[in-house]
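Peer 1: Since the structure of chain A is provided, determine the placement of chain B on it from the hints.
Protein chains in written order, with this note's numbering: chain A, 1 to 295; chain B, 1 to 419.
Simulated from the structure, these hints should not be mistaken for lab results. Since the structure is predicted, the reported quantities are computational estimates derived from the model, not experimental observations. Errors might be hidden in some of the hints.
[Unchecked claim] Which residues of chain A face chain B? A partial, calculated answer using Cβ under 8 Å:
1) 47
2) 131
3) 132
4) 230
Heads up, the beta-carbon is just placed ideally off N, CA and C, and yes, glycines get one too.
The residues making up each chain are set out below.
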Amino acid sequence: MLSSAPSGARVDWLPKLVVAPSFVLGFLFIYGLILWNAYFSVSASRMLPNYEFAGIEPYLQLFASERFQVAARNLAIFGLLFIGGALVLGLLLAVLLDQKIRNEGVLRTIYLYPMALSFIVTGTAWKWILNPGLGIERTVQGWGWTNFTFDWLVDPDKAIYCVAIAGIWQSAGFVMALFLAGLRGIDNTIIQAAQVDGASLPRIYWRILIPSLRPVFFSTIMVLSHIAIKSFDLVMALTAGGPGFATDLPATYMYAMAFTRGQINLGAASATVMLATVAAIVVPYLYSELRSARR
Amino acid sequence: MRKFSLTPLHAAAALAWVCALGPAFAGEVEVLHWWTSGGEAKAAKALASTLQAKGDTWKDFAVAGGGGDSAMTVLKSRVVSGNPPSAAQIKGPSLQDWAKEGVLANLDDVAKADNWDANLPKTIADGLKFKGHYIAAPVNVHRVNWLWVNPEVLKKAGAKTPTTWPEFFATAEALKKAGVIPLAHGGQSWQDFTVFESVALGVGGADFYRRALVQLDPASLKSATMKDVLTTFKKVKDYTDRNAPGRDWNLATSMVIRGEAGMQLMGDWAKGEFIAAGKTPGKDFQCVPAPGTAKAYTYNVDSFAMFQLKNEANIKAQKNLAAALMSPAFQELFNLNKGSIPVRQNLNLDKFDNCAKESAKDFVETSKSGGLVPSIAHGMAVPSAIEGALKDVVSNYWNSDKATPEQTMDRLVAAAKTK
Numbered sequence: 001m002l003s004s005a006p007s008g009a010r011v012d013w014l015p016k017l018v019v020a021p022s023f024v025l026g027f028l029f030i031y032g033l034i035l036w037n038a039y040f041s042v043s044a045s046r047m048l049p050n051y052e053f054a055g056i057e058p059y060l061q062l063f064a065s066e067r068f069q070v071a072a073r074n075l076a077i078f079g080l081l082f083i084g085g086a087l088v089l090g091l092l093l094a095v096l097l098d099q100k101i102r103n104e105g106v107l108r109t110i111y112l113y114p115m116a117l118s119f120i121v122t123g124t125a126w127k128w129i130l131n132p133g134l135g136i137e138r139t140v141q142g143w144g145w146t147n148f149t150f151d152w153l154v155d156p157d158k159a160i161y162c163v164a165i166a167g168i169w170q171s172a173g174f175v176m177a178l179f180l181a182g183l184r185g186i187d188n189t190i191i192q193a194a195q196v197d198g199a200s201l202p203r204i205y206w207r208i209l210i211p212s213l214r215p216v217f218f219s220t221i222m223v224l225s226h227i228a229i230k231s232f233d234l235v236m237a238l239t240a241g242g243p244g245f246a247t248d249l250p251a252t253y254m255y256a257m258a259f260t261r262g263q264i265n266l267g268a269a270s271a272t273v274m275l276a277t278v279a280a281i282v283v284p285y286l287y288s289e290l291r292s293a294r295r
Numbered sequence: 001m002r003k004f005s006l007t008p009l010h011a012a013a014a015l016a017w018v019c020a021l022g023p024a025f026a027g028e029v030e031v032l033h034w035w036t037s038g039g040e041a042k043a044a045k046a047l048a049s050t051l052q053a054k055g056d057t058w059k060d061f062a063v064a065g066g067g068g069d070s071a072m073t074v075l076k077s078r079v080v081s082g083n084p085p086s087a088a089q090i091k092g093p094s095l096q097d098w099a100k101e102g103v104l105a106n107l108d109d110v111a112k113a114d115n116w117d118a119n120l121p122k123t124i125a126d127g128l129k130f131k132g133h134y135i136a137a138p139v140n141v142h143r144v145n146w147l148w149v150n151p152e153v154l155k156k157a158g159a160k161t162p163t164t165w166p167e168f169f170a171t172a173e174a175l176k177k178a179g180v181i182p183l184a185h186g187g188q189s190w191q192d193f194t195v196f197e198s199v200a201l202g203v204g205g206a207d208f209y210r211r212a213l214v215q216l217d218p219a220s221l222k223s224a225t226m227k228d229v230l231t232t233f234k235k236v237k238d239y240t241d242r243n244a245p246g247r248d249w250n251l252a253t254s255m256v257i258r259g260e261a262g263m264q265l266m267g268d269w270a271k272g273e274f275i276a277a278g279k280t281p282g283k284d285f286q287c288v289p290a291p292g293t294a295k296a297y298t299y300n301v302d303s304f305a306m307f308q309l310k311n312e313a314n315i316k317a318q319k320n321l322a323a324a325l326m327s328p329a330f331q332e333l334f335n336l337n338k339g340s341i342p343v344r345q346n347l348n349l350d351k352f353d354n355c356a357k358e359s360a361k362d363f364v365e366t367s368k369s370g371g372l373v374p375s376i377a378h379g380m381a382v383p384s385a386i387e388g389a390l391k392d393v394v395s396n397y398w399n400s401d402k403a404t405p406e407q408t409m410d411r412l413v414a415a416a417k418t419k
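The shape of chain B in the complex, shown without the other chains:
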């Protein structure tokens, strides 16, 4: 493999050298990302101009589609052939997998200069380190355990915004009687799991969630609490519509926007859809923590892993990129466009809306109280093979009328052992 790739690599290097004769010492950053939709694309452009101002060349390497699946396929082939980009959008335990392959660069000097240890919550910072060294720069925090509510619809049905699961079912029942779909849902395995983790967090609490779904403790995966979680989860399905299978999340969100459905359990990227439809947070739609999870927070942190490069100028440009990603200016600009909140702590959030402010407040509080947990559905907690196996089990339980909680718990235990 290696032998074959050397020749084209040298040719490419020679070509790059010839092309680079003009601006002799400027570095180039090639960034693999999938920020191709509206607000995200705008943010990526802002990042490019920040770096260009420092004299570096930005080489866009956007691979759209599939929530990054297609991008990962491209990335693998680039890394295997010995020609990695400067940085790629990688998050969660996948960072550790890539680091184990020995292809990621050490960012400790950038982190030290900007004091990342103090500016990031410890839970988040630990996930960005491999053997104590920073290997990735974080850009944002998404909160996953949100319940999006159309207050108009709830008012018409005489229901109130739920804060616990029993209240949720009372509200859902009232909405059903009023002839609207209580919960908008899209039947794709990651959406099924997004609902499942909110139920697990609300019914079982943060400690249970962490033991069962992050540490994958078999005794917690097969326990009375898990049985409650699964029973509640299945009950939620009765309040979704029959046409849900295969529906995309944004179509489900637009059902809430149009008032065809009352609520949706979805991460804070759903806010972008409401705002794009001209709705105001707090007035036309409400964001509340998923039932029973007011004191907990499932996070999804996007980050950029930096790959080992050979060219000095490019390494310098790469470090500039890492520093720029964590800079207060970029964190604010990017997150205003993306709907998430800055991962960097102690920033001024005046420009953000109420949902984001509440998210930021809860983020700080839960990081102190221990209610801050990683999202499994969004690849933050367990390796992708286990994540996929768990999603299979949960989706199968959600969709099948025959699967029982007992059987499903055995399957969860088996899925957790996936190597």
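For reference, chain A alone in the conformation it holds in the complex:
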């Protein structure tokens, strides 16, 4: 027995050894590439990579670019609407499904189904639904309301809301599943105690159940915000950044600059700005949530 038990020293280095390969790979292919990209953003790279140092010139160009300003503003609009919309709708669906209704399994599957689709499919389907000549507008006009217009998709000022609508449709079911699991995990005795005290059902949800879902909110916001920031395929399929560049997001901007316009340094600079934005929002949130969890 004694001889086969691992010695104290071995216990010490074994976990490190096991983790080492993934650590090295992660270090090289995540942080290494982030640094490589950061260097490109201050290099003279144009059509092909070039390691000559160019200073902050690409960043000046980036912030002076009207198209990037549109992309950044779009990310803010899309991010807020998408995360907010998916949270509200997902929570609402979860609460409604939580009422011990019949056929819950069927409904849950239906709501969760959009998550199984890729954003390309979602984007293409919504492109048809929202197109004034094919989708909702034409259908409603066909029913007799000939003055009905719904042309957000082709209106440069409103097209970004269409991207948010499609994104919310895709993700709300997933959010619902997370919240539903959270609601089911809450101890029934708390609810019974509240009912004994004479609290109404909405009040129980609002004051007791939803606040206790805080960890679920945390992980949901984490997942949704990274989907929002890296959004690329949805925009490409739905509007291809158009009309004009009205629905450009930083990710599509980065692709256009780095791969079709021969301005690798500008693309790298916008990728770095994206990373910094994510870090600026997520890191403080992560910090406060994890600290309060430990307390």
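Peer 2: Below, chain B alone, put in the same frame as chain A:
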């Protein structure tokens, strides 16, 4: 970067050597192209069999999609890793960019043997040279400033085919009254710019076009003429339909074919759609120069840049490829399939249709009169960074109700300074 790529490269070379033991001295050409649709694919196959007849091996490297964007991404990674293909479909100022990187091969001996200087118009030949040496072989000329007309629709509306912009608006107004969409358009930035350059050429003339959009002279970009151009351009939008944003060009063309729309401003690749739908040029559809541009010609020349290779046999095969691309037989076969015209001069065009014959006639005339100008929308005139910036400005003006011509001219001047 270099250090890392050497090992796999050697391994690949060793593997290639082992595989090549059979046909010892035959070269191999690897050609990056995006000729994957119908007629184009047929033409590529014809080229492959021409080379195979000379004993070379054809290695197809087709990357479909995105008008070549995805192909360029693949090409860059291949070149950076020191393993370029023999030839790649590159055109316009991008040729100069690649040549500056020092990766393109010199084709002067092929050019001299076949006398390219005499067989190509000087404007075109200059674009294929870097520091006086040929670096690419051209295959075709597309004319961009065409107006495609469905004569049936115009007749019903009592309108006539326009030759000037005022006539265009009269025709468009008549079509609108008759309840058809006057101009079929797809709202993608390159299509917006295709319309814009036809307007600029028709309103401002070839000299203005060249000064403002090719030489990017700030005084011409912000001038009374440019203001006229922008005002006219915006007026054209009133005659397109609301559902245009994002539409592909071929869907717009099919609107003209079906008679839902009267006209379309598009390059001569649109002809392929008409012909595929069983329509006859001159009878079921008309091709006329875009309004006011009868004496001018915006060209889009496809070409193949040749990369520097190390293997002697492959270099020989590459030269064979360059010679084959410019050969009269291939130029005829390819362009019959593609809808464009041969770039090689003095060929017999009997097999071509009327649109192509007119295009060829105008090409020769404008190359003498100075009306031959490169297309910006199709990457023939300015570096891709500037082209993209100009397209952004023009698309934004086209789509936004708030943008004024004055503001747009300032933005054009700023876009022209993109480095």
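Peer 1: Against the structure, test the hints numbered earlier, and report the numbers of the ones violated in rising order.
Peer 2: Of the numbered hints, just 4 does not hold.
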